[in-house]
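There are 2 protein chains.
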Amino acid sequence: MRKPPDLPKLIAGIRASDRASLAQAITLVESRAPKHRAPARELMQAILPNTGGALRVGLTGTPGAGKSTFIEALGMMLCGRGKKVAVLAVDPSSSRTGGSILGDKTRMEDLARHENAFIRPSPSGNSLGGVAARTREALLLCEAAGYDVILVETVGVGQSETAVRTMTDFFLLLQIAGAGDELQGIKKGVIELADAIVVNKADGDNKMRAKLAKVEYTKVLHFLHPFTPGWKPKALTCSALNCEGIERVWQLIEGFRDQLTESGVFEARRREQNVDWFDSLLQSIVMERYRAEHGQQIQRMATAVKDGQMPVSVALDALLGD
Amino acid sequence: MRKPPDLPKLIAGIRASDRASLAQAITLVESRAPKHRAPARELMQAILPNTGGALRVGLTGTPGAGKSTFIEALGMMLCGRGKKVAVLAVDPSSSRTGGSILGDKTRMEDLARHENAFIRPSPSGNSLGGVAARTREALLLCEAAGYDVILVETVGVGQSETAVRTMTDFFLLLQIAGAGDELQGIKKGVIELADAIVVNKADGDNKMRAKLAKVEYTKVLHFLHPFTPGWKPKALTCSALNCEGIERVWQLIEGFRDQLTESGVFEARRREQNVDWFDSLLQSIVMERYRAEHGQQIQRMATAVKDGQMPVSVALDALLGD
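Keeping their order, the protein sequence lines are chains A and B.
Residues 1 to 322 in UniProt numbering are what the first sequence lists, from first letter to last.
Residues 1 to 322 in UniProt numbering are what the second sequence lists, from first letter to last.
Keep in mind the hints are simulated off the structure, nothing from the lab.
Mixed in with the good hints, there may be bad ones.
All copies of an identical chain are treated as equivalent in the list; a pair is satisfied when it fits inside any one copy or across any two copies.
Straight-line Cα separation of at most 27 Å, DSS-like style, residue types lysine-lysine; simulated pairs [claimed, not checked]: (1) 9 x 83; (2) 187 x 207; (3) 35 x 187; (4) 207 x 232; (5) 211 x 187; (6) 232 x 187; (7) 187 x 83; (8) 188 x 306.
Just chain A, same shape as in the assembly (with noise of 0.2 Å):
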């Protein structure tokens, strides 16, 4: 992005649902260049009334679970009945040139050539907070461009499923049939975010082991408390890769939004979820801005802390003073 951006031109092509100016538009929110943080708000806040109108769906899984596969034929399904879907992508650990989540488009080939689908991997940076702010405001200009459904997924690199849960309306965890223990492959902590859990690869010999899974997985839902209130979170099947069962995870999440929008919960969470994102990206710039200043003495302090030679209290004077 060499040339300073036309806004008034990009405004209306997202508005029109071009895809170029849709792009174009996200390079420039995820750009760390200071001349482009001037346009990037404006752009961001003219685009703000036409934001909110997609299902915002987060997605999950262990390696292996299939989730490209998962997320091609859940998209042909809605983009087939002319829904509009953008794909996006939380993974802090990935580099645009690297081997990033959803940078390989043959991974989704039929979904990337698909006039109604809009794909874009994981912006780049190491720092989570970044990456999904990112992919926040990516999230906004794909709805402000007119997408029903937005897919967001993310690999779990650190706490990178919080932060796809909190962006998100309904969270789901993919899974494949395992070893009996079927709590083994999950991540600590995650089943806890999910609104369903999917098993997938039901098809062939594994159609029964996925059966089994998913009854265990029920089981395993009916001991938590639910994430989202008053949603009783359940465990299906399906086959990706036979475009089994995608129609029953859809018309669950269609469920979800329905009975949360009656009660309220629905515009309640998103409320609630910008707040959060606010106070959560204010702390971390200027717990930032802090430890910038004073790290060397912030990293004497911890040490000694954590040897049990200075107490807490002391530490935090001699770093604070009065």
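Mind docking chain B on chain A? Use the hints.
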């Protein structure tokens, strides 16, 4: 505390396990009077080498689960064996004059009178961070005074279970038999912190229901990731009223300590806890100062963001500049 504290005498008194000195020292570190800060820090620095010797046990439970009776039964058993037992509390909702947990020592009449026991109500204060920090210092003072076991109780206001979990080695969740779906009575996220669930009031007509509840909790625990690496959380029953099963609970806690000491997790976690405590207090003080300076503007921006009138990026720029 009107007179300036005689520090050398206070420190000597603590090391000699004098209860009056210990109580006075805790009052000093709990004080928020500016003139007490320097001597409090000096005191903490002086006693730091004498800390670390106790087994730190956190305890929470639904109201009515019989926490006081349980602490009295466990405490009396340990005191009878010559152990020195301190009981502290984290209750951010209490005030010293109000109906503070443990404030009414008559709830643990026998233990309060035992020469091996030391009971201290929750420090007052509205911020959980502040209350927890002062309790943590009181815990270190108790260790310096030679207490072998320190029980830290919480009533579970806000995130107080997490606060107690981060200052203890073992975390015990006390429950009673419920109405079938045992999970209903437990606060979201709390069961995930537990190293053991103890179903109390397993006596009289209630014995069978308590045993069934234990079976149910055992299932729940099977489906959760253990909080402590390498430790499989257990469910037990007891009757604190009849002093039945208390011995078994204590054996479990000692077994926990032995196993984790051998694996190195015990010491490693204490070091981590030190650093986490330092980090979270540093963060809360830095953010408190920032909010004190910019409170009104933050509030205005947060509202605009919540109502969808301002993009988060614009609000942050307005607050933080470039």
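Outcome of the hint check:
Taking identical chains as interchangeable, the C-alpha atoms of residue 9 and residue 83 lie at most 27 Å apart only when both belong to the same chain, with a minimum of 25 Å there against 78 Å between chains. Taking the closest pair of Cα atoms, residue 187 and residue 207 come within 27 Å of each other only inside a single copy of the chain (24 Å); across copies the shortest separation is 37 Å, beyond that limit. In this assembly of identical chains, residue 35 and residue 187 lie within 27 Å of each other by CA distance neither inside one copy nor across copies; the values are 40 Å within and 48 Å between. In this assembly of identical chains, residue 207 and residue 232 lie within 27 Å of each other by CA distance solely inside one copy; the values are 25 Å within and 32 Å between copies.
Within a single copy, residue 211 and residue 187 get their C-alpha atoms as close as 21 Å, which meets the 27 Å cut-off; across copies the closest is 31 Å, which misses it. In this homomeric assembly, residue 232 and residue 187 come within 27 Å of each other (Cα to Cα) both inside a single copy, at 21 Å, and across copies, at 17 Å. Taking the closest pair of Cα atoms, residue 187 and residue 83 never come within 27 Å of each other, the shortest separation being 33 Å inside a single copy and 40 Å across copies. For the homomeric pair residue 188 and residue 306, the shortest alpha-carbon distance inside one copy (25 Å) is at most 27 Å, but the shortest distance between copies (30 Å) is not.
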